[in-house]
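S.K.: Those sequence lines, one after another, are chains B and G.
For the record, in the first sequence the residue sitting at position 87 is 87 according to my numbering, with numbers rising by one throughout.
For the record, in the second sequence the residue sitting at position 73 is 73 according to my numbering, with numbers rising by one throughout.
What the hints contain is simulated information worked out from the structure, not anything from laboratory work.
Note that this is a predicted model, so its numbers are computed, not measured.
Among the hints, erroneous ones may be present.
[To be verified] Taking lysine-lysine and the BS3-like style, the derived pairs with C-alpha atoms no more than 25 Å apart in a straight line are:
1. K238/G - K166/B
2. K166/B - K352/G
3. K235/B - K345/B
4. K352/G - K407/B
As a plain string of letters, each chain reads:
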Amino acid sequence: EVDLDERLHELDLRSDSDIPDVPPPTDSTPEILKRALSGLSARWKNWWIRGILSLAMISGFFLIIYLGSFMLMLLVLSIQVKCYHEIITIGYRVYHSYDLPWFRSLSWYFLLCVNYFFYGETVADYFATFVQRREQLQFLIRYHRFISFALYLTGFCMFVLSLVKKHYRLQFYMFAWTHVTLLITVTQSHLVIQNLFEGMIWFLVPISSVICNDITAYIFGFFFGRTPLIKLSPKKTWEGFIGGFFSTVVFGFIFSYFLAQHQYFVCPVEYNSETNRFVTECEPSELFQMKKYSVPPLLQAVLGWETVNMYPFQMHSFALSTFASLIGPFGGFFASGFKRAFKIKDFADTIPGHGGIMDRFDCQYLMATFVHVYITSFIRGPNPSKLLKQLLILQPEQQLSVYKTLKSHLIEKGILQPSLRG
Amino acid sequence: LQESESENKLDGETASDSESKSEFGGSSPVPSSDDTPEVLNRALSNLSSRWKNWWVRGILTLAMITFFFIIIYLGPMVLMTIVMCVQIKCFHEIITIGYNVYHSYDLPWFRTLSWYFLLCVNYFFYGETVTDYFFTLVQREEPLRILSKYHRFISFALYLTGFCMFVLSLVKKHYRLQFYMFGWTHVTLLIVVTQSHLIIHNLFEGMIWFIVPISCVICNDIMAYMFGFFFGRTPLIKLSPKKTWEGFIGGFFSTVLFGLLLSYVMSGYRCFTCPVEFNNDTNSFTVDCEPSELFQLQEYNIPVVLQSVVGWKTVRMYPFQIHSIALSTFASLIGPFGGFFASGFKRAFKIKDFANTIPGHGGIMDRFDCQYLMATFVNVYIASFIRGPNPSKLIQQFLTLRPDQQLHIFNTLKAHLVDRGILGSLEDA
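Working from the sequences, and respecting the hints, build out all of it.
M.R.: Listed below in structure tokens is the structure:
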């Protein structure tokens, strides 16, 4: 019987160049495209495929935005599951561990557990009224953390019981691989959904900025590229990086301007229990009301205006685009390093010409976390409905004392008028 | 290496273990030097190796338990510091194993980056804890207030810096190793750091929530070992050949009993049952309060089954003792899985102990492997069954909302209180 752990240990000690390549996935370009482009040379064919698929993805994106928040949530969930699947499959291929006992089931089980935990927290927060009405859901919500933890523990114990002699190291590697993948894909996808609930604009502008940066950096690099940026990704150039930065900032500015005018994009997504649908209707907050800004003297000479009408959100979009252009690419470099480390060309071959879903989304992960942290730090405080939910489960004496503290605070700030009852 | 092999034989291990010895003798065991202090070596020089090992373990066990008592006596601040030191040492032990496994001690930047990530994650967690529990202190000092307001953003920025440094430090021909160490560091952080902060949260809930779980795990360890030693016959799991079903079950019952007794003794003292609070005026921790319902004696009816055995109809107990049954059960039934996980890990990477910090016992991780699951369980248990959210934290969050949101919440709360009759509807608005 082959001791896989021994073999793996030998593999680990070899330097990168000695490790054989992971066999490339098969070409999955659809037949129809192949026939249409059969006349062109290989280089142009690749270009056309990439171009067509880019347009297809962008159109798909617009379609789903039109279909609404619920479809967007489903889309985010599907992408998360597919990314998870891609990364786990790479792990299998690297370690030739496809036949490890239980392992596939355990990976999917952990994915389910972590998703259950996060979706449970989201559902409880945003669907508070829906949940209040149903008894069984009440129970699940109240003990949600305990139930999630118990589910996770079951998986953990099954892992320990599934440890097989001579495969220990492999199994531990796959366990760690699974957890790191969960940390990356699942937590980020939930942050994306939280951003979405804040208002579709917080979902659209960051994602579009990253995509725009990708495309414009590529175009600038193609036409003006000369100085290489980083050894990891030889195709990136400083000219592309800087050109991409400026274009993305301008794009973000203009795009926010258009989106900020429509309630559909600007309002927090709420669940209406009567109509059982998501609604985005509200009084636009200050961020989305035009204000006059004085142009700094430097720019006055250039632009010729003294003041300008802008939405405050556009200032925030400036921060978002800057992050997308300067730090976002590090996510891409990380993914490039990962692919070189494990000698794979693409994460998978889901999208012809582009690679796997992870290839498209590698820069988005850092962005999603940044937007979430940005929103909680600078835009809004904690989630009011979550706060309310927590207030309602306190003990009565605690509720009373909190009530009194809040009341005195509100009166002090003049938000609440003291009653004139005698 | 020779010493560890002879130790294996002398502990009376079963045949399946001798197979694993060949694994240890294989490619890369981490060599462990004899760390026993000179004093002990001389005192025990006359005894045979086997008894010497026993004595060393026994003396160190007593030393650790005494140390534990001293620290409890010294109070919450010292306890927090000890938890922090244990956490750092565990992190160091696991990372060192990673280096040894991958011979990657010379990877550029890597040691620095591991410690940097440890610092970042600790900064994040300690910041959240400090903000929650030292709320008034934080509000008073201007620099602390700003740090606390933008805490998440600052922590994220610090983490990102580390991430970007990692990407910039990637070196051709070492990519795979560097990614392994990156993954290794993050999984270690997930295990070690998050759990140590859950322990500190448990501690703030009341020292009893810190002491009883840890003691139950230690008791289960010792009892299972003793029952196994005297009555052990049926092996429990292939991973740890020394564990037996007799030890497991005997340990379970002894731990439940021990938990009941310990909780009974501790529930009588305020310094253990009261939540730890920071007193702004004296600038120190205080544990003084009106004991909650959990820690007030109540009469319970004994189920008919036990009445004949015990001879009483009712018994006076603290409600907390009922909870202690849940805690001890977890410590005895699920806690050992943490130990099996660590055993599997050691076999996977062909090491005998995590390190050689404690003579006779191995590294700090060896002592704490079962504690990690326990800490998380206690935290989840408290959050689910004992208390709800922290009222002062809620007030603090409330104060950062916008006025219209504040008003909405206030009115909803008021309506709720009126509904439940807690607030008379005739009171002032």
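S.K.: Work down the list of hints and note, for each, if the structure agrees.
M.R.: Hint check results:
1. At roughly 12 Å between alpha-carbon atoms, K238/G and K166/B fall within 25 Å of each other, so this suggested pair holds.
2. Taking the CA atoms of K166/B and K352/G, the gap is about 16 Å. The hint holds against a cut of 25 Å.
3. Annotation: proposed proximity of K235/B to K345/B holds, straight-line Cα distance about 14 Å (limit 25 Å).
4. Restraint check: the Cα-Cα separation between K352/G and K407/B comes to about 61 Å, which exceeds 25 Å; the hinted pair is violated.
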